[in-house]
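> Please build the complete structure, drawing on both the sequences and the hints.
The primary structure of each chain is shown beneath.
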Amino acid sequence: MDLRFTPEESAFREEVRTFIRDNLPREIHERMRLGYPPRKQDTIAWQRILNAQGWAGYNWPKEHGGPGWSPIQRMIFLEENLSAPAPELLSFNITMLGPVLIQFGTEAQKKRFLPRAANLDDWWCQGFSEPGAGSDLASLRTAAKRDGDHYVVNGQKIWTSTAHNADWCFCLVRTDPTAKKRQEGISFLLIDLRTPGIEVRPIISIDGSHHLNEVFFTDVRVPVENLVGEENRGWSVAKYLLGNERTGIARLGKSKERVRFAKEVAREVRKEGRPLIEDRGFRARVAQLEVDMKALEITQLRVVSAYAKAGGNRPDPLSSVLKIKGTELLQASSELVMDVGGPQAMPVWQQELAALANEPAIGPDWAPQMAPNYLMLRAASIYGGTNEIQKNILNKAVLGL
Amino acid sequence: MDFDPTEDQRLLGDSVARLLASEYSFEQRKSLLGTPTGWSERLWSHYAELGLLGLPISEEHGGFGGGPVDVMLLMQAFGRHLVLEPYLATVVLGGTALRLAGNAAQQGEVLPAIAEGSLKLAFAHGERQARYDLSDVRTTATRRGDGFVLEGAKSVVLHGDCADRLVVSARTAGREDEPEGISLFLVDAAAPGVARRGYALRDGTRAAEISLSGVALPREALLGPPDAGLPIVERVVEAGIAATAAEVIGAMEAMQAMTLDYLKTRQQFGRPIGDNQALQHRAAEMLVALEQGRSMAMLATMSLEEEDAAERARAVSMAKVGVGQAGRFVSQNAVQLHGGIGMTEEYAVGHFFRRVMVIEHLFGDTATHLDRLADQVA
Chain A
1 MDLRFTPEES AFREEVRTFI RDNLPREIHE RMRLGYPPRK QDTIAWQRIL
51 NAQGWAGYNW PKEHGGPGWS PIQRMIFLEE NLSAPAPELL SFNITMLGPV
101 LIQFGTEAQK KRFLPRAANL DDWWCQGFSE PGAGSDLASL RTAAKRDGDH
151 YVVNGQKIWT STAHNADWCF CLVRTDPTAK KRQEGISFLL IDLRTPGIEV
201 RPIISIDGSH HLNEVFFTDV RVPVENLVGE ENRGWSVAKY LLGNERTGIA
251 RLGKSKERVR FAKEVAREVR KEGRPLIEDR GFRARVAQLE VDMKALEITQ
301 LRVVSAYAKA GGNRPDPLSS VLKIKGTELL QASSELVMDV GGPQAMPVWQ
351 QELAALANEP AIGPDWAPQM APNYLMLRAA SIYGGTNEIQ KNILNKAVLG
401 L
Chain B
1 MDFDPTEDQR LLGDSVARLL ASEYSFEQRK SLLGTPTGWS ERLWSHYAEL
51 GLLGLPISEE HGGFGGGPVD VMLLMQAFGR HLVLEPYLAT VVLGGTALRL
101 AGNAAQQGEV LPAIAEGSLK LAFAHGERQA RYDLSDVRTT ATRRGDGFVL
151 EGAKSVVLHG DCADRLVVSA RTAGREDEPE GISLFLVDAA APGVARRGYA
201 LRDGTRAAEI SLSGVALPRE ALLGPPDAGL PIVERVVEAG IAATAAEVIG
251 AMEAMQAMTL DYLKTRQQFG RPIGDNQALQ HRAAEMLVAL EQGRSMAMLA
301 TMSLEEEDAA ERARAVSMAK VGVGQAGRFV SQNAVQLHGG IGMTEEYAVG
351 HFFRRVMVIE HLFGDTATHL DRLADQVA
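Protein chains in written order, with my numbering: chain A, 1 to 401; chain B, 1 to 378.
Among these hints, one or two may not hold up.
[Stated by the list, open to error] Here are the simulated DMTMM-like cross-link-like pairs (lysine to aspartate or glutamate), alpha carbons at most 20 Å apart as the crow flies:
id: 1; chain 1: A; residue 1: K111; chain 2: A; residue 2: D192
id: 2; chain 1: A; residue 1: K111; chain 2: A; residue 2: D167
id: 3; chain 1: A; residue 1: K396; chain 2: A; residue 2: D136
id: 4; chain 1: A; residue 1: K239; chain 2: A; residue 2: E388
id: 5; chain 1: A; residue 1: K111; chain 2: A; residue 2: E63
id: 6; chain 1: A; residue 1: K396; chain 2: B; residue 2: D203
id: 7; chain 1: A; residue 1: K263; chain 2: A; residue 2: D2
id: 8; chain 1: A; residue 1: K263; chain 2: B; residue 2: D375
id: 9; chain 1: A; residue 1: K271; chain 2: A; residue 2: E335
id: 10; chain 1: A; residue 1: K263; chain 2: B; residue 2: D371
id: 11; chain 1: A; residue 1: K145; chain 2: A; residue 2: D192
id: 12; chain 1: B; residue 1: K30; chain 2: B; residue 2: D203
id: 13; chain 1: A; residue 1: K271; chain 2: B; residue 2: E253
id: 14; chain 1: A; residue 1: K239; chain 2: A; residue 2: D316
id: 15; chain 1: A; residue 1: K396; chain 2: B; residue 2: D275
id: 16; chain 1: A; residue 1: K263; chain 2: A; residue 2: E335
id: 17; chain 1: A; residue 1: K309; chain 2: A; residue 2: D2
id: 18; chain 1: A; residue 1: K256; chain 2: B; residue 2: D375
id: 19; chain 1: A; residue 1: K256; chain 2: A; residue 2: E335
id: 20; chain 1: A; residue 1: K256; chain 2: A; residue 2: E297
id: 21; chain 1: A; residue 1: K309; chain 2: B; residue 2: D2
id: 22; chain 1: B; residue 1: K30; chain 2: B; residue 2: E346
id: 23; chain 1: A; residue 1: K309; chain 2: B; residue 2: E49
id: 24; chain 1: A; residue 1: K256; chain 2: B; residue 2: E311
id: 25; chain 1: A; residue 1: K145; chain 2: A; residue 2: D219
id: 26; chain 1: A; residue 1: K111; chain 2: A; residue 2: E225
id: 27; chain 1: A; residue 1: K309; chain 2: B; residue 2: E7
id: 28; chain 1: A; residue 1: K145; chain 2: A; residue 2: E225
id: 29; chain 1: A; residue 1: K396; chain 2: B; residue 2: E285
id: 30; chain 1: A; residue 1: K396; chain 2: B; residue 2: E346
Worth flagging that the hints you see were computed from the coordinates, not collected in a lab.
The structure displayed is predicted, hence computed values, not measured ones.
Here it is as C-alpha cells:
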C-alpha cells in the first residue's frame, strides 16, 4: 500500500501544469480566477487548444483520437485543468457522447461525430430530463414514431443546460409506448437542433444567468441513421452513459481552487482591524474544508486505483460517495468565498457592462461572481442524480437495504 | 500508488481474522473484562507466536520487520473485535519510543523481549494538568551522582498497571511547558518509589495513575538525547494516532455491519425498519463517513515515515480530525438507529461506541488538532 504518485505520474502532472500555464489564454484565466464561468467562446477556444495537443478526448481510447491515458493520468489532468483554473472540457461531448458512440455507435456515426465533438465543432447538449421525469428518468414521455426513414419526435425536455449554445442534442425518447416495463421502449437519438420544429426557451436560474432551457419538439423529423444502439434499448445506453467512469465527478480541483481564492481575498478584507485571514473562526473553517478535501482526495484515489485495476467499465458504487462529498465541498467552498466577500458579495455589480460603456469601475474585481457561484452551485447536489438518489444507490448497491 | 495489501499482509490478515473469530466473540470479550487484569495473557502469547508483537520490530531484534501499513491492518482487525490486550501501549507506543530513541543496548534488551511476549511497556508521558499539550511536563529528573532521581506523577497511562517497564518523560531542564528540557527514561515499573493505581477507562481498557517519588535511576536509563525528548514524544504520539485511527476504522466497520443487520431484521409497523428512507439515508451517510475516515486512516499511516516533521504532523492532525469526526458520526448514529437496545450494556454497539469515544480523547482531540491546522492556514 502506498499513497505516493510514481515519478512518471508526478512528471505527467508537471507536463500538464506547464502546458496549461503556457497555453491558456491570459484573459480566460484571469476571468476564471475571479470566478466567472467560461463564456461559450472560452470553452471552444480552450477545448480546441487541448484538442490540437491530442488531449480533448482525454478519456477516449487511442484508436478514437484519445491520448490513451491511465485512469490516474486522467484524474491528474482533470484536477490540473480545474485548479488552474481553465474551462472544463464540454462534458456532453467528451465524457457523455464520446464514450457512448465508441461503445454503441455505428462506424459512420463515430466517423461523423467523434472528431467534431473533440474539436467542439459541434456543441452537444443532453436531452434526458422532462417535466414529469426528473429523478424518475424512466417515466419520460417524449415520443418518437417511426415514419419511413425517419423518427418523428414530439414532446418536451427541460433543464437542458447550454441548449442555447448547442448544435446537437442526444435525447432519450420513447419509441414503444406499449412496452411492459417503462425502461423498455426507450431509444437514444441524436437530434440536430437546426431541424424544423425545435424550440429552445431559456430558463433563468436563481443566479440570474441563462444556463438552463426547455426544449420543445413538434413533429421533428430525425433520420433513422441517428439512432444509437438498438431501437427500444436506449435505457442501457443511458445507463452506460451515467455509469461511465465518474471519477471526475468530485470536481475536487474546483473546490481547491475556490478555497485558494477565498484565502487570497481574505488577505485583502479585514475583521477587527486585522486581515480576515488572521481570524480564528475563518482559519478553522478553512482548516475543516482542507481536512475534508484531503479525505476526498484519497477516497478518489482509491476509486480511481480500483478502477485502474479492474480495467473494465465497471461503475464503482463508491463513485456515489465522490458525488455526495464532492458536491458538498463545492457548495461549502462557494459559501466560504461568498462569506469572505460579505456585503461586497451582494450587489449586482455590472462591471463588464460598465467597462463596455466606458463608465468608471464599480466594486472590487473579486466580488461580482461570489453570490452567483454560490447560487448556481445549489444545483450541484441536484444534477447528475440528486444526492438523495446517490444515497439510494449506496443503499441498494452497497448496503443491501 | 497502490491501495492493495501485499500477499504477506493478506496472509497475516487472514490468520489474525481466524484467531479473533474464534477467541474474541462479544461474550468471550465480556468474560475477559471481568478478570482482574482485564485482558488475556494466553492471547498475548498467541499474538507473540503469530509474530504480531514483533510486527514493526526489525528482524535483527527478533521481529517481523513490518511497517506502518502492517500495523494499520492489524489494528483495524483489533478494532473490529475491541481487542483488550496492551498492544497499543507496548508495541506501538513503547516500541516506537525504543525504536526511535533507544541505544543499541536498550534496543537489544527490550525489543526482542517485546517480540517474544515477555515484556510489556507503557508510555508514561501525560500529566493531570497537561491535557493535550505534549510539552507540558512537570515531572522532574534531577541529576544525582552519575544518574537521575525522578519526582512527579503521570496520569491516564494506557495499560500502565500491567507494564513491566515504563517510558517516562521528565524535565531535566526548562520551565513547565517549554519544548526543550524534556528527557525520556526507561524505568522498571517495580523500582522503589514507583506507585501505580490501575483502573478501567470507559471502554474497559486499562490505564493507571503513576506516582514517582525519589525514583533513583542509573545513567543508562536515559532514553535518547537529554533535554531533547519532545520530538520523540511527538513521533510516538503520531504512531499512536495512526494506530488508533485504524482501530476506529475497524470499530466503525463493526458498527456499520451491526446497524445494517438490525435495520434489515427489526420489524415495526409490520415491516423492517430499514424500509424507511430516513433510516436508509442515515445508513448511507454512515457509509460515506466511514469511507472518508478510512481514507484519513490511510493518510496517517502512510505519513508516519515522512521525513519532514511539519508535513508529517500536518497530515497526522488532518487524519485525527477526519477520523475523529467520522467516528463520532458513525457511532452516534449506530446507537440512534438501534434505538433503545443500542443504549444497553448487554449489546455490543455501545462497547464500540465507547472505544471510539475514548480514542477520540487520546493524543489530542478533534478540536485540538483542528486548532493546530487552523494555525497553519496560509
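> All the hints need checking, so say for each whether the structure fits it.
Results of checking the hints against the structure:
With a C-alpha separation of about 16 Å, the suggested pairing of A/K111 with A/D192 holds against the 20 Å cut-off. Proposed proximity of A/K111 and A/D167 is supported: the alpha carbons are some 17 Å apart, at most 20 Å. Taking the CA atoms of A/K396 and A/D136, the gap is near 16 Å; set against the 20 Å cutoff, the hint holds. At roughly 18 Å between alpha-carbon atoms, A/K239 and A/E388 fall within 20 Å of each other, so this suggested pair holds.
Taking the CA atoms of A/K111 and A/E63, the gap is near 12 Å; set against the 20 Å cutoff, the hint holds. Distance restraint check for A/K396 and B/D203: the Cα-Cα separation of roughly 34 Å exceeds the 20 Å cut-off, and the hinted pair is therefore not satisfied. Among the hinted pairs, A/K263 with A/D2 is inconsistent with the structure: their alpha-carbon atoms are about 31 Å apart, more than 20 Å. Of the supplied pair hints, the one linking A/K263 and B/D375 holds, its CA atoms being roughly 14 Å apart against a limit of 20 Å.
Under the criterion of a C-alpha separation no larger than 20 Å, the hint pairing A/K271 with A/E335 is consistent with the structure, at around 18 Å. For the hint pairing A/K263 with B/D371, the CA-to-CA distance comes to about 17 Å; that is within 20 Å, so the pair holds. With a CA separation close to 17 Å, the supplied pair A/K145 and A/D192 stays within the 20 Å bound. Annotation: proposed proximity of B/K30 to B/D203 holds, straight-line Cα distance about 11 Å (limit 20 Å).
In summary, the hint linking A/K271 to B/E253 is not supported, as the alpha carbons are separated by about 44 Å, beyond the 20 Å threshold. Note on A/K239 and A/D316: the hinted pairing holds, with a Cα-Cα distance of about 13 Å set against a maximum of 20 Å. Straight-line distance between C-alpha atoms of A/K396 and B/D275 comes to about 11 Å, which keeps the hinted pair within the 20 Å bound. Annotation: proposed proximity of A/K263 to A/E335 holds, straight-line Cα distance about 13 Å (limit 20 Å).
The suggested pairing of A/K309 with A/D2 holds, with an alpha-carbon distance near 15 Å, which does not exceed 20 Å. A distance of roughly 19 Å separates the Cα atoms of A/K256 and B/D375; the hinted pair therefore holds under the 20 Å criterion. With a C-alpha separation of about 13 Å, the suggested pairing of A/K256 with A/E335 holds against the 20 Å cut-off. Of the pairs offered as hints, the one joining A/K256 and A/E297 holds, with about 10 Å between alpha carbons and a cut-off of 20 Å not exceeded.
Straight-line distance between C-alpha atoms of A/K309 and B/D2 comes to about 10 Å, which keeps the hinted pair within the 20 Å bound. Restraint check for B/K30 and B/E346: satisfied, since their Cα atoms lie roughly 9 Å apart, inside the 20 Å limit. For the hint linking A/K309 to B/E49, the alpha-carbon distance of about 35 Å lies beyond 20 Å, and the restraint is violated. Restraint check for A/K256 and B/E311: the C-alpha separation of about 18 Å stays at or below 20 Å, so the hint holds.
Proposed proximity of A/K145 and A/D219 is supported: the alpha carbons are some 10 Å apart, at most 20 Å. For the hint linking A/K111 to A/E225, the alpha-carbon distance of about 13 Å falls within 20 Å, and the restraint holds. With a C-alpha separation of about 16 Å, the suggested pairing of A/K309 with B/E7 holds against the 20 Å cut-off. At roughly 14 Å between alpha-carbon atoms, A/K145 and A/E225 fall within 20 Å of each other, so this suggested pair holds.
With a C-alpha separation of about 14 Å, the suggested pairing of A/K396 with B/E285 holds against the 20 Å cut-off. For the hint linking A/K396 to B/E346, the alpha-carbon distance of about 31 Å lies beyond 20 Å, and the restraint is violated.
Violated hints, in rising order: 6, 7, 13, 23 and 30; the structure is consistent with all others.
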